[in-house]
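Q: Could you put the whole structure together from the sequences, leaning on the hints where they help?
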Amino acid sequence: MRTSKFKWMRLGLVALFVLLAAGPLANTQSASAQSNPAVGIVCTNGPTFNLSTGTGYIVLSDANTMFMWSYSVTGGAFQYPGPVLCVNQGDTVTVILQNNLSEATSIIFPGQENVLANGVPAQPEFSGGGDLISLTKTAPAGGTVTYSFVANKPGTFIYESGTDSKKQVAMGLASVLVVRPSAGANFANNRPDSRFTPEEEFLALLSDIDPYLHQAVEDGVPFNMNNYHPRYWLLNGRGFPDTIADNYAPWLPNQPYGALARIHPYDATLHPYPGIERFVNIGTEDYPFHPHGQNGLVIGRDGNAVEGTGGEDLSFEKFAVNIGPGQTWDVLFKWYDAENYSESNPIPVTIPDIANQSLGMFYSGSPYLGVMGPMPPGVSTLNQCGEYYIISHNHALFQLDAWGQVMAGPITYVRIDPPLPNNCP
Amino acid sequence: MKKMISRRDFLKLAGAGALTVAGVSALPQFLRKTLMAEQVVMADVIPPNLYFAGTDGWMHLPETPAIPPYFPDNLAPGLADGYPEGLNSYIFGFRNITGMTETQKANQKQRAQHNAPLFWVDQFNGTNEFRLQLTNLGLAMRPDLTDAHTLHWHGFRNVIPFFDGEPTGSVSVPVGRDFTYVFRPRDPGTYMYHCHVEDVEHVHMGMTGLVFVRPLLGPKFAYNDPATEFDREFAMFLSEFWAEAHWADSHIQLPDWTDYKPDFSMLNGRVYPDTLAPNGSVDPFNPVRDANGDLIAPAGRPELQYQPLSALVTCNAGERVLLRFANLGFREASMTLTGINMHVVGRDATPMKGRDGTDTSYDTDTILIGAGESFDVIFTAPAHSGGVGPDTYVLYNRAYNRTNNLSGDSGGQRTEIRVYPSGVAAQQFPNDWGI
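Just so you know, the sequences run in chain order A and B. Under my numbering, the first residue of the first sequence is numbered 135, with each subsequent residue one higher. Under my numbering, the first residue of the second sequence is numbered 504, with each subsequent residue one higher.
Derived from the structure by calculation, the hints contain no laboratory data. There may be inaccurate statements among the hints.
Taking lysine-lysine pairs in the BS3-like style, the calculated list, with each CA pair at most 30 Å apart, reads [what the hints assert, rightly or not]:
hint	chain 1	residue 1	chain 2	residue 2
1	A	Lys287	A	Lys300
2	A	Lys287	B	Lys612
3	A	Lys301	B	Lys764
Covered by chain B, according to a simulated footprint, are these stretches of chain A (three or more residues, beta-carbon under 8 Å) [said to hold, decoys possible]:
hint	region
4	207-221
5	413-424
Which bits of chain A does chain B cover? Going by a derived footprint, with three or more residues having C-beta under 8 Å, they are [stated by the list, open to error]:
hint	region
6	380-390
7	442-451
Glycine is no exception: its CB is placed at the ideal position from the N, C-alpha and C atoms.
A: Here it is as structure tokens:
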């Protein structure tokens, strides 16, 4: 089990990392000092995991801070969301949970069968009066419990608290389990048509926050969940624009997971396989996620290939991937340069004079992939090498807000770099 | 808009107006480089297929009960201002200004419509690219807001950012300027479009509409599949209205969008029973306007002047009817058709087929359609019961709290399907009643 963030901290390399990271658009090369990529899913590898529950704070798009509960690697710093656990199909997965909260907690593994708790089949817990108090065996405050199961099915799953779930999950006790198929780590499941480009594996973990719940928990006072009203909606535990910062961006010490996707255009020989986005909803609302510029091909849901009993392909394309609470969707995607517009194959229309356009902060100044164009005096761009930025966001648009601050929440981009070789840093 | 004489115009004046790609490449190298940068290709030679304007405006919703102080809007114009009676809701929106004079164009400021003009495009066959020019007339009620506008074709695959209308990754259209989007749509089906500038606000304020792509197979097919043949088609565009947000925009206020609570749910920009009122000018390629370029209200309904799209479905018994649903509200809708099965043939502009060709189309009486999703469904009109007049079936949002107009009964996202024994004429355009 590794979580290299903590290694750098021990080595005192934080300052060096700040120098190396070129800001929110830093690329994989500049992050070579770390073992985790700057973009893409960050796995904590198993099959044995030592996890702890704990409390900490995260930063939101409106500069508010929020008291959270979450899972972290035992002995490591607080993080939200909890570690993304990655195992291989057939592994016997063991999760040793150390409960540092002041109340009992637990972990359930939806989609997994025959889960053991402390070596015996995990069962719900009931009060003396027969009321259900936990969906599975708990660890008492300050105590531990050990869960184990065989990861039989490949796909994307949730792990989350099974105790007072409406509160504990909302407080942050939920994250992701990825089971790699026997077919290989570059397949989503055991269908040959589920192959993807390993460098283009991304996570979109969706959640929401009612700040009054978190304040009440921090203050130790009751909160009526019937009054739950989200004011923040997050992607990988961050709100835009933090979503496009690198994994382990140093100014987000407790929110390690970025959500920027960085890909190259489809090419039949050089780049034949799509990327994959693993959508997971640990929140309370539907998240109709809309990737611009490409349809997602939904090939897996809740850890099951989208296929018929005879292996028929039932996958479907979506331009709005509508993920319900507790669902996971495995979605392949690619961007295909359909027109191959370039300076020698120009777009068939006059480009207005630069003074007659409003230019976006990620725009290169040119319609063409890999080309930087002129910007008006005083206008700068974050574009580095003529790469394309195609937005990807929730289309329940009121969710793109941080308690009154607009252009926040579950927004990220697909950054499309020019085909290799290119001049991108 | 004052147009500067550019080097390109000068060249055209000098007789170079017929420059083509070949013409450019025949030029000396030093000149070609300069010319390519300015895109002297087919520029301005080919007129746009459609020309839209973004601006603000007013529309009508049922006024009982009121939602003080937000609705009805106390700043709404009336007869004395050259508007019809009954307008009560401030909107942003698009208008189709194709073919208008400069004066007519300017007249359309503060005369937006909702939903935005329905339009459709033929699938790209190698030559028939579609050009949509957009201008920005500004916001008459909010001269302080100099927002740019764009046209984002939601769901268009493999678009380049330049033509995507997403302002941070490309460009948008400032007040008084023009921009032409070029589309080569390769995937038939039902899509939607909207302005993507300040998109929470501009989408909710009404800069939203439905667009679809006709397949190469022919105009009476939903997809390139003979099984998707139909006799009639109707756009069913879903949107929402949160009175506080619309009032805020006309009163120089900002809503907290996390308080979002739609007061009205609309079908084709109207609420039931207004959804049954006649069409105004629907066909964008043959627009009907008054001398000022303004919309002409549906017969007998002056207050619906800026809501021209009817949602009433009319057909003959036995006909196959395609309903094209798109949802640009922020909430899921659950659209139920009582008494007739719907056959889902497409979702999100994708035919219901697995990669190996497996047919995944299905029958249902209810489609759950999330924000930003589209559905194509075909139903076969049942035999007529034999009574007098048409048989009526009801299409409505089964989430009942979104199917009322505040007054609590049978409003909102609801319309009727009227099946006649015969006599409904062929459609001249989508949503045409044929009667």
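Q: Next step is simple, just say for each hint if it's right about the structure.
A: Checked hints:
Of the pairs offered as hints, the one joining Lys287 (chain A) and Lys300 (chain A) holds, with about 27 Å between alpha carbons and a cut-off of 30 Å not exceeded. Note on Lys287 (chain A) and Lys612 (chain B): the hinted pairing is violated, with a Cα-Cα distance of about 59 Å set against a maximum of 30 Å. In summary, the hint linking Lys301 (chain A) to Lys764 (chain B) is supported, as the alpha carbons are separated by about 24 Å, within the 30 Å threshold. Proximity of the region 207-221 of chain A to chain B, defined as three or more residues with a beta carbon under 8 Å from a beta carbon of that chain, is not established by the 0 residues found.
By the rule of at least three residues with a Cβ nearer than 8 Å to a Cβ of chain B, the coverage given for the region 413-424 of chain A holds, with 3 such residues. Counting residues of the region 380-390 of chain A whose CB lies closer than 8 Å to any CB of chain B gives 0, which falls below the minimum of 3, so the coverage claim is violated. Evaluation of the coverage hint for the region 442-451 of chain A: fulfilled, as 7 residues show C-beta separations to chain B shorter than 8 Å, against a requirement of three.
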